[in-house]
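There are 2 protein chains.
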Amino acid sequence: MTQYKIVIDTLGSDKGPEAIILGASLALKNFPELFVTLVGPKALIKEKIRLFGIDTSRVKIIPAEETITNTENPYTGIIKKPQASVVKALQEVGLEEENYIGMISAGNSGAIIMGSFKYLSDENKTRPCMAAIMPNDNHSFTCLVDTGATIDCTPSQLHSFARLGSDLMKKIYNLDSPRVGLLSNGAEPTKGNHLVKETFPILSSDPDINFVGNIEGNRSLSGDCDVLVCDGFAGNQVLKNTEGIAMSIIGDIVALSRKKHEPKYMEVVEHLMKKYDLSALGGGLVLGVRKLVIKARGNSDERAIVNIARMLINHANEEAFYTEQTF
Amino acid sequence: MTQYKIVIDTLGSDKGPEAIILGASLALKNFPELFVTLVGPKALIKEKIRLFGIDTSRVKIIPAEETITNTENPYTGIIKKPQASVVKALQEVGLEEENYIGMISAGNSGAIIMGSFKYLSDENKTRPCMAAIMPNDNHSFTCLVDTGATIDCTPSQLHSFARLGSDLMKKIYNLDSPRVGLLSNGAEPTKGNHLVKETFPILSSDPDINFVGNIEGNRSLSGDCDVLVCDGFAGNQVLKNTEGIAMSIIGDIVALSRKKHEPKYMEVVEHLMKKYDLSALGGGLVLGVRKLVIKARGNSDERAIVNIARMLINHANEEAFYTEQTF
Numbered sequence: 000m001t002q003y004k005i006v007i008d009t010l011g012s013d014k015g016p017e018a019i020i021l022g023a024s025l026a027l028k029n030f031p032e033l034f035v036t037l038v039g040p041k042a043l044i045k046e047k048i049r050l051f052g053i054d055t056s057r058v059k060i061i062p063a064e065e066t067i068t069n070t071e072n073p074y075t076g077i078i079k080k081p082q083a084s085v086v087k088a089l090q091e092v093g094l095e096e097e098n099y100i101g102m103i104s105a106g107n108s109g110a111i112i113m114g115s116f117k118y119l120s121d122e123n124k125t126r127p128c129m130a131a132i133m134p135n136d137n138h139s140f141t142c143l144v145d146t147g148a149t150i151d152c153t154p155s156q157l158h159s160f161a162r163l164g165s166d167l168m169k170k171i172y173n174l175d176s177p178r179v180g181l182l183s184n185g186a187e188p189t190k191g192n193h194l195v196k197e198t199f200p201i202l203s204s205d206p207d208i209n210f211v212g213n214i215e216g217n218r219s220l221s222g223d224c225d226v227l228v229c230d231g232f233a234g235n236q237v238l239k240n241t242e243g244i245a246m247s248i249i250g251d252i253v254a255l256s257r258k259k260h261e262p263k264y265m266e267v268v269e270h271l272m273k274k275y276d277l278s279a280l281g282g283g284l285v286l287g288v289r290k291l292v293i294k295a296r297g298n299s300d301e302r303a304i305v306n307i308a309r310m311l312i313n314h315a316n317e318e319a320f321y322t323e324q325t326f
Numbered sequence: 000m001t002q003y004k005i006v007i008d009t010l011g012s013d014k015g016p017e018a019i020i021l022g023a024s025l026a027l028k029n030f031p032e033l034f035v036t037l038v039g040p041k042a043l044i045k046e047k048i049r050l051f052g053i054d055t056s057r058v059k060i061i062p063a064e065e066t067i068t069n070t071e072n073p074y075t076g077i078i079k080k081p082q083a084s085v086v087k088a089l090q091e092v093g094l095e096e097e098n099y100i101g102m103i104s105a106g107n108s109g110a111i112i113m114g115s116f117k118y119l120s121d122e123n124k125t126r127p128c129m130a131a132i133m134p135n136d137n138h139s140f141t142c143l144v145d146t147g148a149t150i151d152c153t154p155s156q157l158h159s160f161a162r163l164g165s166d167l168m169k170k171i172y173n174l175d176s177p178r179v180g181l182l183s184n185g186a187e188p189t190k191g192n193h194l195v196k197e198t199f200p201i202l203s204s205d206p207d208i209n210f211v212g213n214i215e216g217n218r219s220l221s222g223d224c225d226v227l228v229c230d231g232f233a234g235n236q237v238l239k240n241t242e243g244i245a246m247s248i249i250g251d252i253v254a255l256s257r258k259k260h261e262p263k264y265m266e267v268v269e270h271l272m273k274k275y276d277l278s279a280l281g282g283g284l285v286l287g288v289r290k291l292v293i294k295a296r297g298n299s300d301e302r303a304i305v306n307i308a309r310m311l312i313n314h315a316n317e318e319a320f321y322t323e324q325t326f
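Chains G and D, in that order, give the protein sequences.
Just so we're aligned, residue 0 is where the first sequence starts under numbering that gives the first Met the number 0, counting upward by one.
Just so we're aligned, residue 0 is where the second sequence starts under numbering that gives the first Met the number 0, counting upward by one.
A couple of the hints might just be wrong.
Identical chains share a label here; the pair holds if one copy fits it or two copies do between them.
Calculated pairs, DSS-like style, for lysine-lysine (alpha carbon to alpha carbon, straight line, at most 30 angstroms) [as the list claims (entries may be wrong)]: (1) Lys80 <-> Lys117; (2) Lys80 <-> Lys196; (3) Lys80 <-> Lys259; (4) Lys80 <-> Lys169; (5) Lys274 <-> Lys259; (6) Lys169 <-> Lys47; (7) Lys259 <-> Lys45; (8) Lys190 <-> Lys80; (9) Lys41 <-> Lys273; (10) Lys274 <-> Lys59; (11) Lys14 <-> Lys274; (12) Lys273 <-> Lys239; (13) Lys170 <-> Lys259; (14) Lys273 <-> Lys79; (15) Lys14 <-> Lys59; (16) Lys258 <-> Lys274; (17) Lys274 <-> Lys196; (18) Lys190 <-> Lys45; (19) Lys117 <-> Lys28; (20) Lys263 <-> Lys80; (21) Lys4 <-> Lys170; (22) Lys79 <-> Lys259; (23) Lys117 <-> Lys79; (24) Lys14 <-> Lys190; (25) Lys41 <-> Lys170; (26) Lys79 <-> Lys190; (27) Lys190 <-> Lys47; (28) Lys274 <-> Lys263.
It should be emphasised that the hints constitute simulated quantities derived from the structure, not laboratory data.
Construct all of the structure, not just a fragment, from the sequences and the given hints.
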């Protein structure tokens with residue numbers, strides 16, 4: 000049986016290391032070919048793993064007590080805290096001899112991105128980017144790249160993001176030729192800011208990309224494309240605006256349910272929460288580095304960890320046998 | 000009694016001139032101080048106005064049969080079709096002696112923006128912009144500037160948009176000191192692309208603007224600011240993404256209602272449609288020109304015309320006595 004080895008940083012989650020360790024334990028139960036290296040408080044990890052009845056030969060523990068908090072500057076955090084759990088996790092996942100498929104951390108996003116650049120740079124790629132896998136109207140998923148790692152981009156960086164996003168969707172969802180769209184302010188090839196106008200012909204002429212043209216903001220999650228390419232500033236707007244509007248609408252329905260004394264409306268809320276609860280879907284993926292690094296959302300629970308572990312296994316396995324996305 | 004004179008282009012709407020003329024008639028019924036100049040098919044306008052029992056002394060008709068369609072290039076359309084209804088309407092609203100407060104058109108957006116620049120440029124302002132008034136979570140409204148008139152902006156243009164949006168919200172909603180936010184990829188002053196970072200100190204140091212700092216995408220319609228400033232590319236994303244996500248969620252609820260055979264869920268749909276039916280709210284406002292020009296959405300119905308007429312009167316009237324936003 001193929002073994003899949005991943006590293007999990009147990010510190011940095013809003014829910015404490017327990018939720019992450021529980022997620023790791025559930026993933027080990029669910030995926031018999033999985034081996035996990037847990038970075039964090041050794042005694043706690045040992046205790047929890049034992050309680051769960053996990054075969055300890057499938058678990059390696061790297062002790063770490065220090066974290067880079069969300070209010071700390073990511074760059075100085077990485078430099079000044081070599082003992083931080085995220086730094087230890089990134090160093091571990093990069094070890095050639097261990098042959099890990101990737102890692103998960105719910106810590107400081109900036110530190111994860113900066114640390115990935117520092118410890119896992121891939122010289123073949125122009126620049127790493129941050130991807131998010133979002134639910135779309137076709138009951139499928141769209142990969143948004145970049146969601147905020149690179150704020151002011153060049154056309155060649157967008158080109159690289161298109162290739163990285165396309166590769167990711169091929170591997171995770173077993174797509175032959177993912178459709179790549181370019182986020183713009185109009186569908187016509189003449190629309191866009193300078194960056195988009197210069198990137199359009201580059202994507203059009205790359206035979207390795209199935210470029211489907213410009214995608215307008217109202218179609219960003221319509222399912223018209225499998226990969227949506229944009230600079231980190233625009234991508235951050237799409238990601239956060241989607242979340243903001245969804246949460247605002249959910250809030251509207253909760254208020255309506257109370258006002259009208261109609262508990263049935265809360266069934267609609269539950270349905271929407273499932274689709275738009277992005278914490279269950281994982282979080283951001285750092286692409287363009289030697290290993291797949293996944294930033295779990297700060298409020299991730301055990302389901303998120305199991306789903307991300309599945310995503311990592313799917314990514315490593317050409318046949319993508321764990322096709323169910325949500326746990 | 001103060002008279003308020005506006006120009007309405009009756010052509011260019013997806014619903015035909017009848018809907019626009021009906022809207023104008025309803026506005027005349029509702030606002031006794033309103034006088035309307037209708038540009039379009041003379042015989043039809045006369046017939047409809049008569050059917051509605053409107054005092055014809057409050058209506059002026061300017062005949063026009065030609066339109067610039069939505070598929071036409073706006074710039075060449077403006078140049079090649081001097082008889083187009085939107086061109087005639089823009090020329091009319093600019094006449095000094097008529098003293099109009101503004102105009103409404105549901106035609107080609109680009110032609111309205113280009114035509115506004117051509118016929119109504121205001122030399123005191125750096126550059127016109129397109130604003131949208133969006134519903135926010137505080138049961139109030141946020142003015143988004145720019146929504147797509149200027150795609151690649153300079154910091155001084157964003158500064159100008161902030162002042163224009165602030166002036167608009169003072170006038171329409173009678174706000175003393177509208178809170179101005181800058182759309183960014185993080186709330187901290189250090190976040191943003193080059194444009195945002197350069198604009199931040201300019202907005203901070205303008206004593207005429209109540210600048211509240213950077214606003215993240217998930218807070219864009221939270222009500223944290225009354226005016227949200229961004230370049231036309233990002234603003235177009237916020238506008239269209241909001242619409243796209245709202246429509247996607249509404250579609251989800253309709254599908255759920257059918258699947259579960261639960262007609263009660265459709266009450267939630269009706270509630271959301273009211274808030275997110277942006278056609279009832281009006282459309283885009285061209286700011287920074289000598290007259291307030293409002294682009295009604297292509298699918299605008301009579302309610303939209305009445306609401307926009309109210310907005311124009313409120314804008315002209317310092318006391319803003321028509322405070323109800325939706326009809």
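### Query
Which of the listed hints are not met by the structure?
3, 4, 6, 7, 9, 10, 13, 14, 17, 18, 19, 20, 22, 25, 27
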